[in-house]
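Visitor: The lines below spell out each chain.
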Amino acid sequence: MDLLINNQSYSVEADPGEPLLWVLRDNLGLTGTKYGCGLGICGSCTVHLDGIPTRSCVITLKDVEGRAITTIEGLAEIDAEGNEVLHPVQQAFIEEQVPQCSWCMSGQMMTAAAFISENPTPTEVELVDAMNNNYCRCGCYARIKVAVARAAEIAQERDA
Amino acid sequence: MTKNSKLPAGSKLERKGITRRRFLTVLGGGAAVLAVGAVLGGPTIVREARLQINKAFLTGSLPPGEMPKDPFVWFEISADNAATLYIPKVEMGQGIHTTLAQIAADELELDWKTVTVRQANTVRGFNPAILFTFGSTSVTSLYHPIREIAATMREMLRIEAASQLNKPVDSLTARNSTITTDDDSSQALTYGTVIASKQGEWVIPKETAPLKPAPEFRYIGQSVERVDLLDKVTGRAKYGFDMRAEGMVYGAVARPPRYGAILKSATAGDAAAQPGVVQVVISEGFAGIVATSRRAASAALDHLELVWEGGTTINQADIVDMLSLPKQGGTLIQREGNVDSATGTRVESTYFTPMAVHAQLEPQAALADVKVDSAVVYTSTQAPGLSSERIAKAIKMDAANVQVNAAYIGGGFGRKTGTDAAVEAAILSKAVGQPVMVGWTREEEMQQGYRRPPSANYLWATISDEGNITAIHHEMASGDVLFNPQVGGGGFLEVLLGTDPLAAYGGLIHYSLPNIRGIYHKMEIPVPTAYWRGLGSFPNTFAIESFMDELAQTIGTDPFDLRLKYKPDGDLGRRYELVLNALREASEWDTPPIEGHARGMATCYDRGTVVGLVTDVSVTDAEIQVHQAWCAVDPGLIINPNGAAAQVEGSIVMGLSSTLIEEQIIENGMATSRNFNTYPLLRLRQTPRINVIPINSGDEPVGGLGEPVIGAVPAAVANAVFALTGNRLRKLPLKITN
Chain U
12 MDLLINNQSY SVEADPGEPL LWVLRDNLGL TGTKYGCGLG ICGSCTVHLD
62 GIPTRSCVIT LKDVEGRAIT TIEGLAEIDA EGNEVLHPVQ QAFIEEQVPQ
112 CSWCMSGQMM TAAAFISENP TPTEVELVDA MNNNYCRCGC YARIKVAVAR
162 AAEIAQERDA
Chain V
20 MTKNSKLPAG SKLERKGITR RRFLTVLGGG AAVLAVGAVL GGPTIVREAR
70 LQINKAFLTG SLPPGEMPKD PFVWFEISAD NAATLYIPKV EMGQGIHTTL
120 AQIAADELEL DWKTVTVRQA NTVRGFNPAI LFTFGSTSVT SLYHPIREIA
170 ATMREMLRIE AASQLNKPVD SLTARNSTIT TDDDSSQALT YGTVIASKQG
220 EWVIPKETAP LKPAPEFRYI GQSVERVDLL DKVTGRAKYG FDMRAEGMVY
270 GAVARPPRYG AILKSATAGD AAAQPGVVQV VISEGFAGIV ATSRRAASAA
320 LDHLELVWEG GTTINQADIV DMLSLPKQGG TLIQREGNVD SATGTRVEST
370 YFTPMAVHAQ LEPQAALADV KVDSAVVYTS TQAPGLSSER IAKAIKMDAA
420 NVQVNAAYIG GGFGRKTGTD AAVEAAILSK AVGQPVMVGW TREEEMQQGY
470 RRPPSANYLW ATISDEGNIT AIHHEMASGD VLFNPQVGGG GFLEVLLGTD
520 PLAAYGGLIH YSLPNIRGIY HKMEIPVPTA YWRGLGSFPN TFAIESFMDE
570 LAQTIGTDPF DLRLKYKPDG DLGRRYELVL NALREASEWD TPPIEGHARG
620 MATCYDRGTV VGLVTDVSVT DAEIQVHQAW CAVDPGLIIN PNGAAAQVEG
670 SIVMGLSSTL IEEQIIENGM ATSRNFNTYP LLRLRQTPRI NVIPINSGDE
720 PVGGLGEPVI GAVPAAVANA VFALTGNRLR KLPLKITN
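For the protein sequence lines, the chains are U and V, in the order given. For the first sequence, counting from 1, position 63 maps to 74 in the working numbering; every step adds exactly one. For the second sequence, counting from 1, position 663 maps to 682 in the working numbering; every step adds exactly one.
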């Protein structure tokens with residue numbers, strides 16, 4: 012089966028019923044997307060499907076064929092000189108020193124990136140609603156809130 | 020600047036110093052690289068270690084492992100001026116790689132941009148005992164050794180530079196990985212240049228290298244950015260669950276249906292014929308599958324024919340009964356004066372704390388590659404040494420040939436002292452002769468791991484007519500943390516102590532009172548229970564600090580005033596006062612809260628750190644919402660204030676999750692919750708605004724930060740709920756009924 016991940020095509024041989032999460036991690040070695048619960052509750056495995064944040068542990072291979080998949084490995088861009096340019100969310104998460112263990116953070120950042128792309132100037136209530144369904148056991152929630160707001164600002168500054 | 024900075028003779032630092040010239044080792048010296056490590060050994064060290072062992076039993080922190088013999092800290096500088104710091108503690112989000120590197124870079128006068136931090140492992144010259152990352156002890160145990168090694172290395176560079184420049188050593192200054200001379204700025208030499216030009220062997224100087232005085236610190240005390248975050252935000256950081264190897268296959272292991280059940284017999288059934296199965300592995304008490312994918316391995320487990328025998332059929336109600344208090348007997352753990360001689364009005368209360376899981380988001384995971392005479396294992400572990408020992412035993416190999424590499428840990432909280440996944444991966448890899456990855460599922464993690472033991476506390480106090488507390492009696496009953504046979508057991512020590520010291524942890528009453536009695540009842544609860552963030556501090560502080568609030572209410576005094584009145588003796592009392600006064604002011608305790616809210620407070624003294632916490636709470640339709648928290652925290656000198664704040668914030672969030680939501684129930688010998696659908700965690704919306712008030716009460720670190728705050732959380736909330744509703748909640752998680 013052919014998959015489009017981070018603007019690259021991959022050919023994968025796997026059971027069409029295999030959750031996307033394990034195809035990414037085990038078949039393709041894209042281990043930045045994390046397993047947390049397998050039920051779509053914790054949010055650690057969040058990726059983008061055509062830009063929409065999606066729990067990769069509960070969506071199967073056959074459901075993603077032909078769709079653009081973005082994982083944490085594809086969130087930053089590479090500029091003309093070949094340098095890595097962090098996504099505003101990644102930059103903000105470093106600026107605010109958000110992650111502790113960071114196991115949940117790929118999912119947090121993918122959720123946040125989709126959110127600020129959809130809603131470039133969010134209110135606090137909207138932000139909390141958007142980020143409320145991702146668990147962080149280290150308890151970085153207060154910093155996540157600050158950093159997502161900051162990421163929206165960075166994105167605006169870059170567009171200006 | 021480091022030049023002629025000497026410590027006054029007999030100063031605290033000098034006395035506490037544990038490395039001496041003869042314990043330092045030069046490794047890989049010569050033109051290419053200068054590397055210096057420290058070996059623990061010799062008379063000073065034995066005394067210190069014994070002191071620590073004794074202190075461990077008095078205060079209930081973990082007993083240390085065997086005496087380290089190998090270098091445990093290793094710093095290298097190469098000819099290109101790059102510095103590599105091998106950090107002997109595992110990074111699980113607490114920022115320890117950054118914090119320990121700051122300490123080293125400061126004393127070694129490194130340019131921070133030249134620093135690379137690497138994780139030490141069990142074979143690269145490090146003693147596994149030091150790698151054990153636990154109990155919020157990393158900074159306090161390594162602050163002095165790291166500084167002394169770094170200072171020695173810096174002095175070696177200055178001495179060598181003096182020789183190369185033909186200048187007196189005293190005229191040279193080390194700073195930013197460069198040696199400069201007082202009189203001629205053109206003569207600056209980078210550390211790399213000094214090392215590249217070195218002729219002959221490096222020699223460790225005879226004189227103990229002077230340590231920098233605190234005002235000259237450049238990195239210590241600064242909120243240096245975490246060294247691991249770029250790899251983490253880009254998804255490049257590798258955790259135990261992320262490890263891969265050529266030819267890797269996946270393992271899954273059969274689990275008992277009841278705690279304590281033994282695998283009486285096992286046959287392969289038609290498991291071997293299932294799709295993707297590489298091999299069925301059955302040995303005494305063990306049955307596992309190796310397959311080409313995780314799902315295939317798990318699915319084939321159902322096809323094994325297994326007979327489980329024995330085990331417990333205990334139910335939650337039985338556990339609650341076992342913990343009922345007061346009861347006869349027990350082990351005396353605290354005695355001041357004679358509580359039975361005290362007179363006054365009697366107040367009594369009983370508190371209950373349920374089982375809770377760690378719910379660290381990365382389950383146990385390991386990749387093992389076992390060859391005929393050696394094994395290499397990558398795993399998420401707080402205890403590389405223990406992993407190495409247990410793997411060696413399971414695959415009958417000398418532990419010296421089992422290399423354990425600690426990967427980044429996706430959440431520890433005590434759970435990553437477990438070594439099961441690593442042992443299982445090694446058994447399976449040995450059987451199939453290929454690298455095997457075992458990553459537990461969330462269901463395995465919640466049911467088959469260990470958990471915080473359930474516990475109860477019973478307290479009574481007498482209050483005189485004048486409103487003085489004349490005595491407190493405190494009884495604890497708890498499942499084990501250290502000695503649970505399902506998680507390793509205790510042996511001789513268990514008999515000697517008569518307690519589980521880690522479950523009793525935090526059970527001593529530190530207030531200055533004439534009569535105190537503490538009794539511990541060690542309960543054999545047949546469910547795997549062990550280390551959970553804060554150990555006994557969480558349940559015991561919940562009980563003690565809730566009870567103090569009840570006493571303040573009975574006496575009719577302010578909770579802050581009561582604690583100040585009975586503050587501990589000596590320096591600890593001074594620190595309590597600093598913390599309480601700062602907290603009272605910051606939280607505006609003495610002005611009324613906003614309409615419909617109330618505040619509650621609690622203190623905690625844990626691993627040398629004094630904590631005071633105030634929460635601001637409202638209740639709507641029986642739901643408790645914590646809106647704001649103020650936490651004053653004094654661990655002595657704080658190395659990285661922003662990192663320290665992160666530990667405080669994280670402890671409050673995890674503590675609130677346990678205070679308001681979490682409870683694991685046992686039915687018919689097994690935990691009922693298997694995943695987050697039946698065991699939810701606190702979310703962003705339920706998180707309060709958190710204000711951290713750091714108190715640097717001294718000139719060196721005296722306490723940890725990973726755990727001490729969590730103990731203060733439940734009582735600070737329960738006391739606020741009481742202030743608001745008059746409803747005294749004595750059972751966790753806190754639920755308002757009526």
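Keep in mind that the hints were calculated from the coordinates and are not lab data. Positions of the beta carbon are idealized from the N, C-alpha and C atoms, including for glycine. Any given hint might turn out to be false.
[Stated by the list, open to error] Here are the simulated lysine-lysine pairs, DSBU-like style, with alpha carbons at most 30 Å apart:
hint, chain 1, residue 1, chain 2, residue 2
1, V, K257, V, K132
2, V, K390, U, K73
3, V, K225, U, K156
4, V, K186, V, K225
5, V, K257, V, K412
6, V, K257, V, K186
7, V, K390, U, K156
8, V, K390, V, K415
[Unchecked claim] Quick look at which bits of chain V chain U covers, simulated, 3 or more residues with Cβ under 8 Å:
hint, region
9, 257-267
10, 306-315
[Stated by the list, open to error] Computed far set for chain U versus chain V, every beta-carbon distance over 12 Å:
hint, residue
11, M12
12, L15
13, S22
14, K45
15, I52
16, L60
17, G77
18, A79
19, E95
20, S128
21, R154
22, Q167
23, E168
24, D170
25, A171
Visitor: Does each hint hold? Answer for all of them.
Guide: Checked hints:
Restraint check for K257 of chain V and K132 of chain V: satisfied, since their Cα atoms lie roughly 23 Å apart, inside the 30 Å limit. Proximity of K390 of chain V to K73 of chain U is assessed by CA-CA distance (about 38 Å); at most 30 Å being required, the pair is judged violated. Note on K225 of chain V and K156 of chain U: the hinted pairing is violated, with a Cα-Cα distance of about 54 Å set against a maximum of 30 Å. Using a Cα cut-off of 30 Å, the hinted pair K186 of chain V and K225 of chain V holds, with the two alpha carbons roughly 20 Å apart.
Among the hinted pairs, K257 of chain V with K412 of chain V is consistent with the structure: their alpha-carbon atoms are about 27 Å apart, no more than 30 Å. Distance check on the hinted pair: K257 of chain V and K186 of chain V sit about 47 Å apart at the alpha-carbon level, beyond 30 Å; violated. For the given pair, K390 of chain V sits about 48 Å from K156 of chain U by alpha-carbon distance, which is inconsistent with the 30 Å threshold. At roughly 12 Å between alpha-carbon atoms, K390 of chain V and K415 of chain V fall within 30 Å of each other, so this suggested pair holds.
Against chain U, the region 257-267 of chain V contributes 5 residues with a C-beta closer than 8 Å to a partner C-beta. That satisfies the three-residue criterion, and the hint holds. Counting residues of the region 306-315 of chain V whose CB lies closer than 8 Å to any CB of chain U gives 3, so the stated coverage by that chain holds, three being the minimum. Its beta-carbon lying about 15 Å from the closest one in chain V, M12 of chain U satisfies the requirement of being farther than 12 Å from that chain. Look at L15 of chain U: its CB is around 18 Å from the nearest CB on chain V, clear of 12 Å, so calling it non-interface holds up.
Its beta-carbon lying about 17 Å from the closest one in chain V, S22 of chain U satisfies the requirement of being farther than 12 Å from that chain. Consistency note on K45 of chain U: stated as away from chain V, yet its beta-carbon is not over 12 Å from all of that chain's, at 7 Å minimum. Non-interface call for I52 of chain U relative to chain V: violated, since the shortest CB-CB distance, roughly 4 Å, does not exceed 12 Å. Non-interface status of L60 of chain U relative to chain V is upheld: no Cβ of that chain comes within 12 Å, the nearest being about 17 Å off.
Separation of G77 of chain U from chain V is adequate, the least Cβ-Cβ distance of about 23 Å exceeding the 12 Å criterion. Look at A79 of chain U: its CB is around 18 Å from the nearest CB on chain V, clear of 12 Å, so calling it non-interface holds up. Separation of E95 of chain U from chain V is inadequate, the least Cβ-Cβ distance of about 8 Å not exceeding the 12 Å criterion. Once the 12 Å rule is applied to beta carbons, S128 of chain U is consistent with being away from chain V; the minimum gap is 17 Å.
A beta-carbon of chain V is positioned within 12 Å of the beta-carbon of R154 of chain U; the least distance is around 7 Å. With a minimum CB-CB distance of about 20 Å to chain V, Q167 of chain U clears the 12 Å threshold, and the non-interface call stands. Taking the minimum C-beta to C-beta distance to chain V, about 19 Å, the non-interface status of E168 of chain U holds against the 12 Å cut. With a closest Cβ-Cβ approach of about 21 Å to chain V, D170 of chain U is found to remain outside the 12 Å limit, as its non-interface label requires.
Its beta-carbon lying about 23 Å from the closest one in chain V, A171 of chain U satisfies the requirement of being farther than 12 Å from that chain.
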